[in-house]
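Student: With these hints in hand, go ahead and build the complete structure from the sequences.
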Amino acid sequence: MDKTEHNNVPAVVTDYIDAIIKKMRYRKKVRAEVRRELADHFADALAGCNNDDERNAQAQAMIEEFGDAMLLGVLLRRAKKRCRPLWRTLIVRAFQMVGILFMMLILYIGWFFSGRPIITTNYLEVMNSQVRPVADDNQNARPFYRKAIDAFVLPPTLPPADDPSLPPELQPAAPEVLDISPRPLATMTSQEKQFLADWLAANEQSETLIRQGNRKPYYWQTYSTNSETSELMGVLLPDLADYRRLANLLCMKALWQAQHGQLNDSLDTVLESYQFGRHLHNKNILIEQLVAIAIKANAMKSMRIILAEHADQLDKTTLTAVRNHLAEIVSTEDFLIGFEGEKLFMYDEIQRSFTQTRIGSSHLFIQRISRLGSLTGSDYGAAGQWFHILFTHPDREETLAAADRFYAAMDEFARYSPAQLRQKGININERVEELIKGNFFLSILIPALERVAEVAHRSKAESLATLAVLAILEYQKQSGSLPQSLDALVSSGLLQSVPVDPYSNQPLVYKITDAGFTLYSVGPNFNDDDGVMGTDEQGRPRQWSTNSDMLFWPVPERE
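All residue numbers for the sequence shown refer to the working numbering, where the first residue is 903 and numbers rise by one.
By construction, these hints were calculated from the structure, which means they are not laboratory data.
Beta carbons: idealized from backbone N, C-alpha and C, even for Gly.
Possibly wrong hints are sitting among the right ones.
Stated by the list, open to error - In silico lysine-lysine, BS3-like type, Cα no more than 25 Å apart, as pairs:
| hint | residue 1 | residue 2 |
| --- | --- | --- |
| 1 | 1185 | 1245 |
| 2 | 1339 | 1245 |
| 3 | 1185 | 1118 |
| 4 | 1185 | 1049 |
What the hints assert, rightly or not - Label pairs and their computed distance ranges (CB to CB):
| hint | residue 1 | residue 2 | range |
| --- | --- | --- | --- |
| 5 | 1226 | 1040 | 25 to 31 Å |
| 6 | 1386 | 1037 | 43 to 49 Å |
| 7 | 1353 | 1302 | 25 to 31 Å |
| 8 | 1431 | 1189 | 28 to 34 Å |
| 9 | 1220 | 1431 | 40 to 46 Å |
| 10 | 1327 | 1297 | 29 to 35 Å |
| 11 | 1442 | 1028 | 40 to 46 Å |
| 12 | 1325 | 1028 | 34 to 40 Å |
Tutor: And the structure:
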């Protein structure tokens, strides 16, 4: 009820009670109870009055004693709240807290999603200045390599080789392109050899340009992007596949020259291919370094093929000259993988993926993270991940510090060979997980680098093994017999030191056999399988296979 109804109290009392109840602003049931209690109190007090005047006078006096209706309403509300059960108080407080938290959450999410990153550094310019040495433009090999790419003639398409024994539906569906990966020419058909000869002749200009570039002391390129944002994620690297084709051109040219009796020219061409790869290994962008390592590995493989097929035709003078040339190149070479370019990629992405604001700390920029997550296939949309991103993810400065720790650790790990890592009990993947634990941003951007550093140690082993093969053949030419050990090559001055196997931390395995000698690494399985070359799933010889040894000598028919 909204009005006081009591027959035994005057109107002034009912008005007063109504004013009190109005100011209480409490639950309806409680207000009714208070209304009834006040009316009964006034009725009992006025019961002894003889007439209306006396009742009105007494009622007015009581109202004055009670005091202001507004204040009394507030006091009654407080009294009723104090008297309510504890469980009800807890429920009320809980709902109030939920309401407050909900409002705070809305405000927080609004603040979170309104943040924007601020680009403070042009890391594209930093990268370009980092890779360029203090040298004039005319000392750069890059323009010559670029011209070699432009002049390059792609491998020809071979005519389909129809097999009369097969029905038409089983004949080759499409012609194949000439395979220009380095391999013994004995594995090629006469038709393939003719196509190879024509292709090599068509690419003489590219070969000349590569040689001219190799004479330059430096190699660097100016990186660019396909957008106006200068973000390193969009850096263009269009020439990597072309570089591999150019290197294969040199290797196949060397094998062709050897096949046609031009052994000195052949070995010189192989060294040109190696120098080409060494130029490209500028320790900047990781994929460029891996391509350079692959180019050098193909050059060393090509040299071993030539030595295996024509060792009896090579005199000691030629072997000495080639060994000295290769030793000079290798002695000044830093085989390790560098991460400076990758670090710049990370710095640039951090400044684009974290907001920077005057209020509160920096946080992830959701629009950017959504894009990165879709590119990497990461589950950024999971509920637990969203909670982490919104509330517990490290901020920009913490992420920068974590990235620095990660790359410092990778620089350290890269110095250790696989055998040393195993001896020290270092599991790179586990260490990386520890370094980036709790950082979703780093987890989606940092690649699996366990094998990357390993590739550099393989490259060094392959170069030193090829140098050892040259020294062994030279020793044989000089003394008429094979050395009893690799130490004999050091004592005779043919090697500076015994090449070390990155998978055993011991010298490469050298054995004299009935057919000559064998030289191998125990390979990624860390077991000496007696020089048995590893194979792929089809049983074909495969370099650095995880199921056996890496055989440097004798050379398998097709690696």
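Student: Now tell me, hint by hint, if it's right for this structure.
Tutor: Hints, one by one, checked against the model:
Simply put, residue 1185 and residue 1245 have alpha-carbon atoms about 12 Å apart, close enough for the 25 Å limit, and the pair holds. With a CA separation close to 18 Å, the supplied pair residue 1339 and residue 1245 stays within the 25 Å bound. Straight-line distance between C-alpha atoms of residue 1185 and residue 1118 comes to about 18 Å, which keeps the hinted pair within the 25 Å bound. Restraint check: the Cα-Cα separation between residue 1185 and residue 1049 comes to about 23 Å, which is no more than 25 Å; the hinted pair holds.
Look at residue 1226 against residue 1040: about 29 Å separates their beta carbons, and that is inside 25 to 31 Å. Judged by the Cβ atoms, the range 43 to 49 Å given for residue 1386 and residue 1037 holds: they are separated by roughly 47 Å. Look at residue 1353 against residue 1302: about 26 Å separates their beta carbons, and that is inside 25 to 31 Å. Against the hinted window of 28 to 34 Å, the Cβ-Cβ separation of residue 1431 and residue 1189 comes to about 32 Å, which satisfies the hint.
Checked against the given bound of 40 to 46 Å, the beta carbons of residue 1220 and residue 1431, roughly 34 Å apart, lie outside it. Between residue 1327 and residue 1297, the C-beta spacing of about 33 Å keeps the proposed range 29 to 35 Å intact. Between residue 1442 and residue 1028 the C-beta distance comes to about 45 Å, which sits within the given range of 40 to 46 Å. Residue 1325 and residue 1028 have their C-beta atoms about 38 Å apart, which keeps the hinted 34 to 40 Å range intact.
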